[in-house]
Structure formats: structure tokens, C-alpha cells
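With chain S held as given, fit chain H with the ligands onto it using these hints.
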Amino acid sequence: MTLMREKTILELYEAMYTSRYLEKIVTQLWEKGNIYGEMHLGIGEEAIIAGVLSHLIPGDAISTDHRSTPPFVMRGVDIESLLLEFLGHPKGLCSGLGGHMHLFCKELLLTSSGIVGSSGPSAVGFALATKYQKTKNIAVAFFGEGSMNQGMLLESLNLASSLNLPVLFICKDNNWAITTRSNEVTGGVLLDRVRGFGIEAREVDGSDCMAVWQAVETAIPRLRKRNPAPYFIQASCTHNEGHFLGDPLLRFHRSPKKELGAVTGPLTKSVLHYKGGRLDKRISSVSNVLALIAKARAQLSFSNDPIRRLEKTQTHLKDQFAQIKLKVEKKINSISERVLNLVQEEASL
Amino acid sequence: MRKMEFAEAIESALKHAMTNDPDIFLMGEDVHTLRINLLAQFGKERVISTSISESAFLGAGVTAAMAGLRPIIEIMLIDFIGVAIDALLNHASKILTFSGGKWNVPLVVRTSCGGGYGDGGQHEQSLWGWLAHIPGLHVVVPSNPSDAGQLLLSAIESDHPVIYLEHKLLADYWLDYMGTGGRENVSFDVPEKGAIGEVPEKWESLPIGKANILREGDDITLISLGVSVHRCLEAANILSEDEISVEVLDLRWVSPLDKEAIITSVSKTKRVIVVDEDYMRFGLSGEIAAILAEENISPIQFGRVCTEHTIPFNRHLEDNVLPNVNRILALARKFKS
Ligand SMILES: Cc1ncc(C[n+]2csc(CCOP(=O)(O)OP(=O)(O)O)c2C)c(N)n1
Ligand SMILES: [Mg+2]
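Line by line, the protein sequences give chains S and H.
Heads up: the first sequence at position 153 corresponds to 153 in the working numbering, and the numbers run straight through without jumps.
To get the working numbering, take the position in the second sequence, counting from 1, and add 349.
Don't take every hint at face value.
Which residues of chain S face chain H? A partial, calculated answer using Cβ under 10 angstroms [claimed, not checked]:
no. : residue
1   : Glu31
2   : Glu38
3   : Leu87
4   : Ser95
5   : Ser147
6   : Ser182
7   : Val286
8   : Val289
Here are the simulated DSSO-like pairs of lysine-lysine, each with C-alpha atoms no more than 30 angstroms apart in a straight line [to be verified]:
no. : chain 1 : residue 1 : chain 2 : residue 2
9   : H       : Lys393    : S       : Lys269
10  : H       : Lys352    : S       : Lys269
11  : S       : Lys257    : H       : Lys364
12  : S       : Lys281    : H       : Lys364
13  : S       : Lys269    : H       : Lys364
Source of the hints: derived by calculation from the structure; they are not laboratory data.
Just so it is clear, the structure is predicted and the values come from calculations on it, not from any experiment.
Ideal Cβ placement from N, Cα and C applies to all residues, glycine included.
Isolated chain S, as found in the complex:
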């Protein structure tokens, strides 16, 4: 194991905290109604993104899924232009035309997509280009464990393996796909599946940024060598806001009276309907869903939070962490103030 330098740990902390703090601001904007549509956050997966991006060099490409904010921020995309994009502003990163699920940055070779599994083929194409151009660059694909049952992602694993392409596949595993427990709809073991394609694969605790960093440190030489090979990492994580802001399963826990009330009436009626399946089966189907709602609550806990985790394990860096926090908050606060002022000014014109 490579010994991690203090500097690296502090950099990881700063990357994670920057993304976290920005997404907190995003949460406020969404709650105030300034951001439309869905908003998927990367809160809880910062350690995975930071641990991977720490090893990237200029010219490496990243293909993300619908949780694109952390990789874009950590790769150095201007925060103001990101915030403006989330608000749909013409001065946003994508002129307000893309929105958070469709962010693109040509200069940094960053893409995102709201189509589940599409980061697989996307990264394969970037990797093909680096090989074609004979550079040392690699491509990273970020996706959730739910995407591992999407055909195009599985096809991409085979393509990367058979063409010997430098793709780093990063599976962010929270065992949820919207309201589905992924293990309940997945056959076999994911790592075995990936190894079946001839790809080296390993698991890592995705809430531990140092563990992720170490895992990628081992993978990188295989990816950057003259005859590269793809590599796969399955990293566990928890999304504190559930699937997206306003997650209906979490709403049950936050305001149970309001949310459960609307559901239970029709539900009881259905269970008791005089025609249908066998009553015991109906009851067990419903209790399974209720158990699912109960399980969703675990996401609200911060016990696996990657930032807190680093703070807890690296107590000797307490003061430096505090300084970083202050610096980051000051920077992002001033950006968000500027952005909000601009938007308000324009609205009053």
C-alpha cells in the first residue's frame, strides 16, 4: 500500500467539502423553487468521486450519470457557471439549455446523461480515442449499481475488455434504484459478472476516500500502460437525500402524516377488494412495500458520511480541515450571492 501524503488527504477533503457545500446551496435553491424539475445529488458519494479524480491527469475523460455535479466540480468546472446552469441561466455552463442531468464541458472532456447505463458506451468511446491517438490518457465511467442490468453497460464491459481499452468503470453502489432494492432484481454477484468479461474487478468501501484512493492507485498503472486493460471498482455509498430532492420514500419519514394519509385509503381498499389475488399474497405484497419504505429511512443517517468519516479518522488534521471548510464556504457563499443577485436583478428588469 502506498502511504498517502498529508497533502493528498487534505486535497481529498477540500474536493469533497466543495462539492458537498455546493450541493447544500443547490438544495436550498431547489427547495425555494428556483430550480425546476428533478435534482439528483451526489451527496454521500463524494469520497468515490474524489478518490478517483485525484489520480486523473489532463486529457483524461469522464462520463457521468445523472449525478453529475460532484465530478464536474472536482474536475475544476467553474462553480458559478454550474450554479447558473442549474438555474437555467443563459450564462450557465451549457447556456441554460442542458440542466443538471445534461452537463457537458468540451475542454475538460466531461459528459453526463440522464439515460441509465449510457456512461458505459460513452467512456468506451473516449478510451478508444485515446488509444487511437496513442496518448496515455484514460476514460472513467461513473454509474450506479442499478445500471449494471442495462444492456449497453454490459456490452461496454465486453467491448472495453475485448478491445483492451483504458476504461475505469466505477460502480457507485447504494443498493437503491429509485424505489427498488437492486439486490432484489439482480441475479448473481456483480463482481463475478464483471470478472466473467475478463476484467479485473474489486470492491471498496466508498465512504472511505482513502480506501478509494488506494484502490484507484493500484488500478492506474494497468490503465495507463502501453497495452492497457479496463478495470472495475464497486464502491458502496449512501445517498442522504434518497434518489433525488423530494424523494417520495423519504417524504414518508419527514412528514408521515401528510404522505401516508394519501396512500393508505386507496391501498386498504385494494387489499380488501372482493376480487383479485389470494388475500395472504396481497397482504404480503403490501407489507413488502411498507418494509421498503421503512428501509429507506436508513438513508437519512449520516453514519456512513464520507466527510465525517475522514474527520473522525484523521483527528490530527482537525485544524486544517476547519480552515478548508471556512475557505470553501466563503468562496461558495460569495459565488452564490453573486449568482442570486444577478438572477434577481434580471427578474426585476
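For chain H with the ligands alone, kept in the frame of chain S given last:
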């Protein structure tokens, strides 16, 4: 008559159908939560939750239908059909012909569509013209609760593949899920008559391929479907103040298309505007122009208010890219001046 919300009507009609026909089952992502009431009544043998594997479960739906079942396959958003289009393009639509007319595919694809709530260009498309382009597929787009329930029954009763599209501005649970997320400080232009309305006491199907005249008029025909029919009705009201008499035709079905209703109405008004939330080029609006030309209904004035570009995330731009009342009014007034 009883009153129901759009999604409630779909569920009510679906319950009715599933109660009467044990061969009907649902399959798709997250149906255990999205269709929890159906799960509660019919159990998980008939309400089957899947992994995110559209190409596999839609393809499987095709042959399950060929084996004698009546599958209703759910594709969460029509935009996601991209990953599974083969099942429709090369299989569901063609097997009847390939088998010499001997093997039919009674498949229903239930999916949500449409924009107007700020979700961007990969989540707000309509794509019905794109699907109706394929011979062998039927495509239906209800615009109000009563039609929603009845047309779902038509789709289920059909012995051939039908794509059933529910607009997210009309189905309250979709809008809550994708648009408001439980917030009270965002609102969208939801047409009230589409979102809630009277439905029949007893669910019965409507004929396949029959359009519906929502408003009679003499000067201009607005041909539309889905949420856009409500934009047309609003425009028609405003135009009536200018003494312009507008007929509004709700197509209901993109395929089969009710040619007769189109021809009859346009022969009378001689002016027609197609208001279509789907893409403009190579689609429904062009098809209607072709039908009118083929029937030699001339001279007429023809225009269209459709979606011409990738749907932008910016709410203001989005509202202008999608058909809206002002765009309809501007074109209609130009015709009459
Ligand atoms: C092709 C496609 N099917 C379905 C969806 C709807 N959808 C969006 S995110 C998601 C769950 C993804 O789960 P996972 O890959 O585990 O990512 P997570 O959200 O847990 O980070 C689904 C089903 C989609 N966007 N694209
Ligand atoms: Mg997941």
C-alpha cells in the same frame, strides 16, 4: 357520472380490466411503488418489478403476448424507449406480417410523455409520431380522465401492439414525482379539464382510431392531441372574441389516424393548424398535410405549431419551444387577416 383525476381514471380502468381478465399482467421498473394499489389487489405475480433492463423486458413482453397473455409493459418515460426500440421496431410491429397474418401480438406499452415542467431534453419528449411511423404499431394519447380510462381499455382489448402515452402534466403522480417533488412553491400550466373530469359509471372501451370533435367551428380547424388540445381550446376561446370561429379536433390516436374526421373538418373550414407537442419535421403534422394534399382539399391554408428543437432546460425557453397558446393565436390571426 363520477369525477376522477387522470391517473386515478387509468388505475380504475386498469383494475376493472385486470379483475375481468386474469391474463393481464404489468411489468416494469418500480411498479411495486408506482402501482401499489394494483399490487395490493393482484399480488406480485401480476405486478412484476424488474431491473433497469428495458430492452429485455420489453422484448419479453412481445413474446409473452404471443404466448397468449395480455402484458402491459411499462417504460417509465417514452424517452427511455431508445434503449429498447428494437422490440417495437423489428418485432412487435412485424410479427403479424412475418407470420403470414397467423400470429398476433396483443401487447400494451404504457409510458409517460411530454414536457412543461423543466426536466430537460432527455425526459420531456413526445415521440408518438416517431413510433406511429412504424407500420404495425398503434399509438394513443388521451387528453382527459374519461378518455384515459376508456382508451386504455381499447388498447388492452386490441389484438395488436398499442403504445399508450400518458402526459406528465395530466397525471398528478408523475408531476409530483418529476416536477414538484412535494414543493408548494413551483407550479406548472396544468390544464384543469385534462387533469380532472367526469368519467363513465362503468368503464367501456372506445373505438380504435376515432377522433373526437371537442368544439365545433367554421373558420379554422385546430388538430391536436394530448395536453395541446387544451392549449387549442384556450386559444379557441380567445379567438371567438375576435369573431373567429374555431373547430378543435382531438385526434386521440396518432395511429390509426382518423383521416375521415380530418378531411371532413378541413373541407368545411379550409384553414387548418396542427398543434403537436411532438417534433415538427417528418412527423404527424407533415402526415396530415400529405393526407389533405392527397385528397385534393384545396385551396386551404395550412400551418403548424409543433416542437422544432431539442427541448431546452430553461423554463422560459422550454415554454416557447413547446406549443403554447400564443403561438397558436399568432398563426390563427395571420390566417384570418
Ligand atoms: C434507460 C433509463 N431507464 C430508466 C431511467 C429512470 N431512472 C433514472 S435513475 C434510475 C435508477 C438508477 O439507479 P442507479 O444506477 O443505481 O443509480 P442511483 O440513482 O442509485 O445513483 C432510473 C431507473 C432512466 N433514466 N433511463
Ligand atoms: Mg443505485
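Against the structure, the hints:
About 7 angstroms separates the beta-carbon of S/Glu31 from the nearest beta-carbon of chain H, less than 10 angstroms, and the hint is met. Annotation: interface hint on S/Glu38 holds; nearest CB of chain H at approximately 6 angstroms, less than 10 angstroms. Among the interface hints, the one on S/Leu87 holds; its C-beta lies about 9 angstroms from the nearest C-beta in chain H, closer than the 10 angstroms criterion. Below 10 angstroms, beta-carbon pairs count as interface contacts, and S/Ser95 has one with chain H at about 8 angstroms; its hint therefore holds.
Look at S/Ser147: its Cβ gets to within about 6 angstroms of chain H, closer than 10 angstroms, so that hint holds up. Interface restraint check: S/Ser182 against chain H, minimum CB-CB distance 7 angstroms, threshold 10 angstroms, status holds. Annotation: interface hint on S/Val286 holds; nearest CB of chain H at approximately 5 angstroms, less than 10 angstroms. This hint holds: S/Val289 has a C-beta 5 angstroms from the nearest C-beta of chain H, less than the 10 angstroms allowed.
Pair hint H/Lys393 plus S/Lys269 holds up; C-alpha atoms about 17 angstroms apart against a cutoff of 30 angstroms. As the CA atoms of H/Lys352 and S/Lys269 are separated by approximately 18 angstroms, the hinted pair is consistent with the 30 angstroms bound. For the given pair, S/Lys257 sits about 27 angstroms from H/Lys364 by alpha-carbon distance, which is consistent with the 30 angstroms threshold. This hinted pair checks out: S/Lys281 and H/Lys364 have alpha carbons roughly 17 angstroms apart, not beyond 30 angstroms.
Taking the CA atoms of S/Lys269 and H/Lys364, the gap is about 12 angstroms. The hint holds against a cut of 30 angstroms.
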